[in-house]
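Visitor: Using the sequences and the accompanying hints, generate a full structural model.
Protein chains in written order, with this note's numbering: chain A, 1 to 316; chain B, 1 to 379.
Think of the hints as simulated: they come from the structure by calculation, not from any bench. As the structure is a prediction and not an experimental result, all values here were calculated from the model. Each hint should be verified, as a subset may be incorrect.
A short list of chain A residues far from chain B (calculated; beta carbon distances all over 10 angstroms) [unchecked claim]:
1) Glu127
2) Gly140
3) Lys154
4) Glu200
5) Gln201
6) Thr219
7) Val237
8) Val248
Sample of chain B residues at the chain A side, in silico, Cβ under 10 angstroms [claimed, not checked]:
9) Thr153
10) Leu212
11) Met222
12) Leu368
All C-beta atoms in this analysis are idealised placements derived from N, C-alpha and C, irrespective of residue type, glycine included.
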Amino acid sequence: MSETIVEVKNLVKRYKELIALDNFNMSIEKGEVFGLLGPNGSGKTTTINCILSLLNYNNGEIKVFGEEMKNDRYDLKRKIGVVMQDVAVFDELSVYDNIDYFCGLYIEDKETRKKYVEEAIEFVGLEGFKKFKPKKLSGGLLRRLNIACGIAHKPELIILDEPTVAVDPQSRNKILEGITELNRNGATIIYTSHYMEEVEQICTHILIMDKGKNVAEGTSDELKRSIKNTENVIVDVRNLDEKHVEAVKKLNHVYDVKYMSDRLTIKCAGGRHNISHVIDYFADNGLDYDRIYSELPTLNDVFLEITGTSLRDQEA
Amino acid sequence: MIVFKTFFKVLSRYKFSMIMYLAIALGIITIMSGFNSSGNASYYSVSQGIIVLDNDKSEVSRGLIKYLETINYIYEDSFSDEQITDMMYYTKASNYLVIPEGFGASFLSGTGEPLKIESTKEIDARMGYTVEAEMDSYLNLTANYMKGGYSFTEADELSRESLADMSAVNMVSEVVIQDDKIFTVFTILPYALLTLLCSAVLPVILRFGTMLINRRTGISSMPSAKRQSMLALASALVTIGFICVLIFISSLLSEEMFTARWALIAIDVFVFSMTAVMIIVALSSFGIKPEAAPAITNIVALSFSFLGGIFVPIEHLGGTAKAIGQFLPTYWYSEAINRIKSGSSFEEILNCLLIQLLFGVMVLVIGLMVGKHNVKKTA
Ligand SMILES: Nc1ncnc2c1ncn2[C@@H]1O[C@H](COP(=O)(O)OP(=O)(O)OP(=O)(O)O)[C@@H](O)[C@H]1O
Ligand SMILES: [Mg+2]
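Guide: What follows is the structure, given as structure tokens:
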């Protein structure tokens, strides 16, 4: 039996003329790692801020733990942990004292808090930096501190808004593993990002948003199965003539071909031996190439097919 | 509790500027207490120059002048109007007395309205009144002795003797009020307190109020009202610590403690400091960066002190400055000190205190309203 932790219905948020959220709907079940995927400016942070009652919204309904979320629902806020997109810590305080302060906003008991703070430090791997001031931490370590501050009080629902922006791969992996572990320990996670690889790696349910709208959702596989693109054949080839591009387009199951920067990308819908058809065409015409390989569609292809633009193109 | 604890942890990062501004403050207070401390200033201030034009030349007018001469310096040369104005402007003379012809005769007859001596003095010049008071005392006393049957010569001598003792006492006590260190030292105290608060407490409050920290705290399960009151309480405690030190040092320097007026001044200091705390807590709502604290310290401390009559007596400020000053709590702090000095009633002093608090409450309410609005808008 599943339990709905967050429910957002017909949410509308306007900033003057700009419609940041346009009848947005979302439902998050207990135990999920829920990925909110969308390009910059698609409204991810706005959604989070509305859920947290940090923002007034124009229309819609938000329920958290089955109850209507309001600014003064401190009982509900108690069960939520938030890692904001922008690092919010005290420059004057050490790593330990920062976590202690933010944990102390929820947990009054000293002994419990001490234990929780130590656990959070261990969890993000900052044991060697307890006495450090934030200014002395690298970008990746600072992000980890930000995460520790958000989760130290052991919340049931954890919201992470792009926690891996500007983080080196090592720290990034550590963070992603940590999130999976938090989930295994029982927390429901909302994870926003515009990196689809990350979302694909850890999320059990993915919602793709664009221009404030929910454009598609499901598991990674469901999303990929929902589009007509089933396979992409890629050929690295130099100085290919335009007539060959046109000819490849006419092959069976091929519905779109792009030739850019010495790379031919062939989108196929259905069919089972698409790569060998392409290889045959190149052999028959005596064409030379460097590499040829086949890929399954990615979330980017899902996004591309639904919105007509690429997620990657919009990456800052 | 955590907010309280963290406040002091962050505050401890501002130890250095706190100690520095405390040293500066004490330096200024010490210098201020050095002014007016010369021991025999009282005699100089008692003795006034008086220009006398005696058109009467009777024994009464001569007696009066002789009496005034025991305390003051008399100029009896004939001066032009311009010279007289100059002498009075440069305070060489406090009064210009014209004794009309027939004054002596009218005084001796003791019937009807006696002829008046015309006394010109600078408006606001205290000493001018002192001289008039001396004159009145002599004439009244002499008249009384004469009613008792003494001749003028006897009465004149008796009055001069008894007035000589009294005036010494009167004059000395008059001077003590004038030059008392407690007022000069305590007048400067708001400047010291403002620099201290703005350099140490303000950056801490601003840090808690930065947009990110504020938002981060806003999503926690601690109500923002609770956090704000913790911050206000912590600031108030620190401030009370500051004023205890400042009052103690100022009292030592002015060599006065636990007198009635000392207690009134201490209350004034306390009220002012609480007003300052309210202003500072209100500033946390405007999302100002803590790095701006030193600039605010200078702007607030200097403008409040200057316009509020801390550096320059209120009556010396120009019209506009005075008009603006009246909206500042520092003005009412100084005004309260002035009223304590001149022995005003408790209600009059209380009014000054209430106006300060009113100012603080107004600023605080504006701050809280702006804060509520900002959190929603900037998220
Ligand atoms: N305070 C604000 N005032 C006006 N417009 C805003 C404000 N905050 C956000 N917006 C606009 O609302 C839209 C959605 O912004 P939002 O921050 O939710 O996007 P996002 O998906 O979180 O993007 P990013 O990946 O860059 O964090 C953007 O077009 C942004 O410009
Ligand atoms: Mg965002």
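Visitor: Look at each hint and say if it fits the structure.
Guide: Status of the hints after comparison with the structure:
For Glu127 (chain A), the requirement that its beta carbon stay farther than 10 angstroms from each beta carbon of chain B is met, with the minimum near 21 angstroms. With a least CB separation of 19 angstroms from chain B, Gly140 (chain A) remains clear of the 10 angstroms interface cut-off, as annotated. With a least beta-carbon separation of about 13 angstroms from chain B, Lys154 (chain A) lies farther than 10 angstroms from that chain, consistent with its non-interface assignment. Every Cβ of chain B is farther than 10 angstroms from the Cβ of Glu200 (chain A); the closest lies at roughly 28 angstroms, confirming the non-interface assignment.
For Gln201 (chain A), the shortest C-beta to C-beta distance to chain B comes to about 27 angstroms, beyond the 10 angstroms cut-off, and the non-interface label holds. Thr219 (chain A), annotated as away from the interface, keeps every beta carbon of chain B farther than 10 angstroms; the closest lies near 29 angstroms. Val237 (chain A), annotated as away from the interface, keeps every beta carbon of chain B farther than 10 angstroms; the closest lies near 50 angstroms. Distance check for Val248 (chain A) against chain B: the nearest CB is about 51 angstroms away, which clears 10 angstroms, and the non-interface claim stands.
At a threshold of 10 angstroms, the smallest CB-CB gap from Thr153 (chain B) to chain A is about 84 angstroms, leaving the interface hint violated. With 10 angstroms as the threshold, the beta carbon of Leu212 (chain B) comes within range of chain A, its nearest partner Cβ sitting at about 4 angstroms, so the hint holds. The interface hint given for Met222 (chain B) is met, as the beta carbon of that residue sits about 5 angstroms from the closest beta carbon of chain A, less than 10 angstroms. This hint is violated: Leu368 (chain B) has a C-beta 15 angstroms from the nearest C-beta of chain A, more than the 10 angstroms allowed.
When each numbered hint is compared with the structure, violations occur for hints 9 and 12.
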